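Novice: Here is what each chain is made of, one letter per residue.
There are 4 protein chains.
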Amino acid sequence: MAGSRIGHLFSVTTCGESHGPALGAIVEGCPAGLPLSEADLQRDLDRRRPGQSRFTTQRQEADRVRILSGLFEGVTTGTPIGLLIENSDQRSRDYRDIQHLFRPGHADYTYWHKYGIRDYRGGGRSSARETAMRVAAGGIAKRLLAHWGVEVRAALIAMGEVEIDRKRWDWQEVENNPFFAPDAAMVSHFTTLLEEVRQQGDSVGALLEVEINGVPVGWGEPVFDRLDADLAKAMMSINAVKGVEIGDGMAAARARGSQWVDEMVADSTQNNGVAFLSNRAGGILGGISSGQSIILRLAVKPTSSIMVPRRTVDIHGQDQIIQTRGRHDPCVGIRAVPVAEAMAALVLADHALRARLSRL
Amino acid sequence: MAGSRIGHLFSVTTCGESHGPALGAIVEGCPAGLPLSEADLQRDLDRRRPGQSRFTTQRQEADRVRILSGLFEGVTTGTPIGLLIENSDQRSRDYRDIQHLFRPGHADYTYWHKYGIRDYRGGGRSSARETAMRVAAGGIAKRLLAHWGVEVRAALIAMGEVEIDRKRWDWQEVENNPFFAPDAAMVSHFTTLLEEVRQQGDSVGALLEVEINGVPVGWGEPVFDRLDADLAKAMMSINAVKGVEIGDGMAAARARGSQWVDEMVADSTQNNGVAFLSNRAGGILGGISSGQSIILRLAVKPTSSIMVPRRTVDIHGQDQIIQTRGRHDPCVGIRAVPVAEAMAALVLADHALRARLSRL
Amino acid sequence: MAGSRIGHLFSVTTCGESHGPALGAIVEGCPAGLPLSEADLQRDLDRRRPGQSRFTTQRQEADRVRILSGLFEGVTTGTPIGLLIENSDQRSRDYRDIQHLFRPGHADYTYWHKYGIRDYRGGGRSSARETAMRVAAGGIAKRLLAHWGVEVRAALIAMGEVEIDRKRWDWQEVENNPFFAPDAAMVSHFTTLLEEVRQQGDSVGALLEVEINGVPVGWGEPVFDRLDADLAKAMMSINAVKGVEIGDGMAAARARGSQWVDEMVADSTQNNGVAFLSNRAGGILGGISSGQSIILRLAVKPTSSIMVPRRTVDIHGQDQIIQTRGRHDPCVGIRAVPVAEAMAALVLADHALRARLSRL
Amino acid sequence: MAGSRIGHLFSVTTCGESHGPALGAIVEGCPAGLPLSEADLQRDLDRRRPGQSRFTTQRQEADRVRILSGLFEGVTTGTPIGLLIENSDQRSRDYRDIQHLFRPGHADYTYWHKYGIRDYRGGGRSSARETAMRVAAGGIAKRLLAHWGVEVRAALIAMGEVEIDRKRWDWQEVENNPFFAPDAAMVSHFTTLLEEVRQQGDSVGALLEVEINGVPVGWGEPVFDRLDADLAKAMMSINAVKGVEIGDGMAAARARGSQWVDEMVADSTQNNGVAFLSNRAGGILGGISSGQSIILRLAVKPTSSIMVPRRTVDIHGQDQIIQTRGRHDPCVGIRAVPVAEAMAALVLADHALRARLSRL
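Residue numbers (the numbering used here), protein chains in the order written: chain A, 1 to 360; chain B, 361 to 720; chain C, 721 to 1080; chain D, 1081 to 1440.
Think of the hints as simulated: they come from the structure by calculation, not from any bench.
These numbers come from a predicted model, not from an experiment.
Note that CB positions come from ideal geometry on N, CA and C, so glycine has one too.
Certain hints may be false.
Here chain B is said to cover these stretches of chain A; the calculated rule only asks that three of the stretch's residues, wherever they fall, bring their Cβ under 8 Å from a Cβ of chain B [claimed, not checked]: (1) 6–18; (2) 192–204; (3) 221–230; (4) 248–258; (5) 263–269; (6) 276–282; (7) 309–317.
Residues of chain A clear of chain D, computed beta-carbon distances all greater than 10 Å [as the list claims (entries may be wrong)]: (8) Asp-97; (9) Ile-98; (10) Asp-165; (11) Arg-168; (12) Asn-176; (13) Pro-178; (14) Asn-213; (15) Arg-359.
One chain only, chain A, in its complex shape (with noise of 0.2 Å):
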């Protein structure tokens, strides 16, 4: 009910503050039986970590995670399984001079008004940092998801104005440049547009793109539980994110129906002998997967830690200037990736369980 839980059948709860002793999740309703190490889960927070190339952080955290129950010899024992990463690198000095002031753009001046206590050190619970363990317990959920079939990627396909070409899109590029960009002849212009941003001591915001493969018909629940609901709401809970989309998305605003409509043929090729002519709904049709991808887009807003100055105020309500020195990654959108995925993929394990619910 405060806020530090997603999920009602697949439900992650986490804790923990960016300059605190360490981070926490507790993973529930994981079924009995999957295979299960935290090598599967270090593997992504090794693609969220800070400090990997010069446009990310350079904060250091090993982010190792820890499995401290819910497994026995290997295997999910059906039974909560807890996670932890210790914080090593928590230099709170770096935030000292600015203990007084409300960072615009950012919670500071929020939470204090929210709770009257201020945790000023890195933003405390409302920093990035806590998508660390999301990204642990997502490693859970695209196991889980694996098992089944299921697998959920993502790529980052704008930095402010410059966009990949869909018609080069490669996954296989993904893991190759420090963007996550599918395209590989666009990546020395993000690395060009970022040095800008970064010499200049701005950010720049980001598009990314989730694609998710596998899902059989079925998957989501009508009314307020739409699958596309509880993805919306999965995104826009990342930190920084302002916008989401499904299939088309914003642009179903301009089209006509005549042009919108997914059409449907009979194919024996096909799971349930029937093929989509298209696929502007996004894979979703009245909240339920129809087992074609679902795609859905996130707008990441740059980041407010920038080193140009700013007029803010202070906790006493004077007029100051702010100039952030800490370190901070000039595009948040690109680490923003695995956990988009990670996101991505606790609705859809949570929603796999919900499906099992719906006939006799």
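Given chain A's structure and the hints, the job is docking chains B, C and D onto it.
Specialist: Positioned in the frame of chain A, the structure of chains B, C and D alone reads:
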């Protein structure tokens, strides 16, 4: 868990199909002491009601809501409020000739695979008819929010390629035209567009904007249940919505941090002594309301129920041609305006109560 | 969150007051494909209905239940099932003279302080009248459990100091007498006791036993949501229940481990090849069903609505004498029998679905 | 949903097995501003800790709790509080020779059928070891309740056939003897009984009483989430508990209404100007606290881990004789005292927050 409930502290559970006996809802968590009457709810139901202009379906429904419980002498008692709307116009014969066909773009195909049962009459539970109960329940939320000085309102700001001019925005105008458009100068253009669409047996999408005023600093929870995440889910749960954005939204992906941030200055005329110099964030920082206006937009796709013939399959997997003849809206985005208001109000009422819990 | 909902996967939300317009419920999570009719629910409603013998309140209620949704052609569709019972006999004038008095032993005093509002008509929401909806919803759960071979039944086994003889236990007899007692030989004794109690304007408590057969091994969750814990909550939530025990229950406090344990032996005639040599545990081990009969007992206090004058205060804090004159049951434990069955069925139906989730 | 979470607004999710690496918990919903330290939690952990007298298991566990998050400068921040206890004494070799046997009266058989997987080391998740985390989390609840003037305490009032004399009840005495008994005169009798039981390799049951003082009128929700219903669930969820009663409890079944009711009189020395002349109801009316002391009792069965040989089967369905040799408590009811306090505190803390929502 089966999808028909939203909200935690202020919660709504709904039931009812397009052509079943009645629609129902139970609103739990409305505090005791709120003056409330059926008339309070009827106003928005009438705004949403079909058959009011030639631009909405000609189905005739009185949509009279009855309050079954939770009121004593005109005031809420704190116990659950039961709501009932009897379905009067159940012309299910309209659907006989398509009872074995999956309407493309509708939930027919996905419900069939999910439940193994088909209520072919107007989409059953997947019909937009269920939004009547969202509007009725949302009316209670609006009444409650009004008591606390919070106002939720929405408008249609684009239909297909035709957009309003934001400089002419006039909330008064919204109730003066059948499109809920805030720009009187565009009404004739919307009319022309819709006439054309209707004559072609086609449909068209729409863009809606919701504005929420009067929310104090501090509503919304950290991490997963951010106010924007819950709003995104609520909007995406509305039939035909394909994208949601907060504040500057999808455009954030293209921006630089130096342009994007909302600076703050001391201002003794403001509630908390602070003024923001812009509102790119849309009134939410770190998932928590900042005291600014909350702004969100949603894209509604063109309805797939059109008279243009399209390819589909039937429940036996045979190729078929379908051509909708029922009574449908050429632009479902119009009637989505009161629905979007209701959903936003439900989310805000829930978070208003949750905000009571953050401090000792 | 406001108390009127029970169950997670098979869940019921109810509304309605003793003397309001109607009682309502929404049952969410009943799987698609279950044959169901209003008659299926009416049977237990009739068993619970007041005014059927001289030993229950003379209030006249038809208690006709109407199914509003979730059914198509006599079969559940998987969508929420709305239930409605109109209140017909709303003689609230009976309560006018006590409208400012707190009835001792009732919820008048606590509701007044909780809500600051008082619906004095028969207790409003706190009246046992709300159990009609528990019975209606429980009827759906029973129907579902029957489909899976699970049967829930209950009986009254003691009233005041008068007890049945367990050696004469006969389930057939339960429906043959107005007390739901399984021992024909005790019917005349119960009759004599109740006549005496009624003539004295007094009331008497009762002891009920619930037996559930056909539950497979494995229903129930570890730690907090044990099957016995959920059953205890469900029973204790029934008006006037003051104690709940499973299997040998409270007597376990006095026992030695060597006498208490239920030994197991191989037995090829049994479902899982195992027979238990006793059932002191009441069919639940570690919170999970063992495949034996589940046995629980509940104590129902004598109703506090008696004709004997008692001391109380009014809403202005003045001393008063109260003497109930309304239509009340001399032993509310009798009509609690179908309510206990309904509550047990609701818990079991929920756990039946939860049990689908424990393995890959 | 998988059973390891309790509470709605003040909630606890736990993880951890008897012989796994660690126990963990996340406490969500503790309001910001509460002074809290690890020492606050350690006191009750030490009371529950095994190996402290010859009457509890000789397993050696330091049970040092670590707070991972949710605190800043000694005060709660309103964000989730992570708790960690590393398991130090994991002598799982004790369990090797019974790894294929189902211990009668334990959850071995039911977990096996539920999950198809067996963590045979000391019962895994079903071990009473998980109650350490209930006590740690309950410590936070107690701290919070103390801030509001509410005190939760418990005592052992009977062991087997030996009972305390309520006339000698002395809360001070509870911490002076190894049984948590409130009657100094009975300590030697309990000692004699336990010595005898231990020498026989047997075990014995116990009766516990919980008393909660300082709860204002108005905590608890109507219908299903009554305060007594939630307390009953919480108590019944404790390992080995077989019965729960509120106030006069099971005895209510035998009573007459004229004797049972708690009369009320005006009394200006009382909080709300009202005094109750008795407390048969146990401080709860209609599921809502009345302002009187809340009284409940629970029966704890004798542990089934005894040295007396008993018949059982193994996982291959073969008949076997089992004789427990591990380190076990002759009376698990003793260490259940701090657990019962913790569970009561968790329920009360949750309802304290829920009570904030009932009025405008």
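Novice: Hints first: check each against the structure and report whether it holds.
Specialist: Structure-based check of all given hints:
no.: 1; hint: 6–18; result: holds (count 4)
no.: 2; hint: 192–204; result: holds (count 5)
no.: 3; hint: 221–230; result: holds (count 9)
no.: 4; hint: 248–258; result: holds (count 11)
no.: 5; hint: 263–269; result: holds (count 4)
no.: 6; hint: 276–282; result: holds (count 3)
no.: 7; hint: 309–317; result: holds (count 5)
no.: 8; hint: Asp-97; result: holds, 18 Å
no.: 9; hint: Ile-98; result: holds, 16 Å
no.: 10; hint: Asp-165; result: holds, 43 Å
no.: 11; hint: Arg-168; result: holds, 43 Å
no.: 12; hint: Asn-176; result: holds, 36 Å
no.: 13; hint: Pro-178; result: holds, 30 Å
no.: 14; hint: Asn-213; result: holds, 27 Å
no.: 15; hint: Arg-359; result: holds, 19 Å
In this structure, every one of the numbered hints holds.
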